[in-house]
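Okay, so the sequence shown: first residue is 1 according to UniProt numbering, each after it adds one.
Incorrect hints may have been included.
Ranges between beta-carbon positions, derived for each pair [what the hints assert, rightly or not]:
1) Phe81 / Ser15: 31 to 41 Å
2) Trp97 / Pro3: 17 to 27 Å
3) Ser15 / Pro66: 11 to 21 Å
4) Phe37 / Gln82: 30 to 40 Å
5) Asp113 / Leu38: 33 to 43 Å
6) Ile4 / Gln82: 31 to 41 Å
7) Thr100 / Ala67: 15 to 25 Å
8) Val115 / Arg92: 23 to 33 Å
Just so you know, the hints here were simulated from the structure itself, not pulled from any lab data.
In this text, a Cβ means the ideal position worked out from N, Cα and C, and glycines have one as well.
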Amino acid sequence: MRPIATVLVYSDDASTREQVRLAAGRRPAADVPPVEFLECATLPAVLSALEEGGIDVCVLDGETAPAGGMGVCRQIKDEIFQCPPVLLLIGRPQDAWLATWSRAEAAVTHPVDPVALADALAGLLRRRLSVGA
1 MRPIATVLVY SDDASTREQV RLAAGRRPAA DVPPVEFLEC ATLPAVLSAL
51 EEGGIDVCVL DGETAPAGGM GVCRQIKDEI FQCPPVLLLI GRPQDAWLAT
101 WSRAEAAVTH PVDPVALADA LAGLLRRRLS VGA
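Kindly generate the complete structure, drawing on both the sequences and the hints.
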């Protein structure tokens, strides 16, 4: 198991990024490595970080403007080779179909439920790290 997993958090709202960090904690589950967060507030920052590599999971805010997390997810799934799994923050449970359209591997509703976010993030980390990416 890798010593540290890197989680990219994209939102134009600093408090949303903070909620994600606090909900996940240092280690979202006992069987995954500790996480470090890379925060991005703009689409160019997300694309640059993904091009550099080393990202294990992306958490994208679907309510971010002008480039929302759903559109960003779809774009990076098309453009980034071996794109990391994506956890999408959606505004309401009825938006789950949009998360599917965007090709996100998981979605949780906003405001952030710490248990749901930690569980979803841990699941994506398990999956990502088990394939040796």
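* Asked: Against the structure shown, which of the earlier numbered hints fail to hold, in ascending order?
  -> 2, 4, 5, 6, 8
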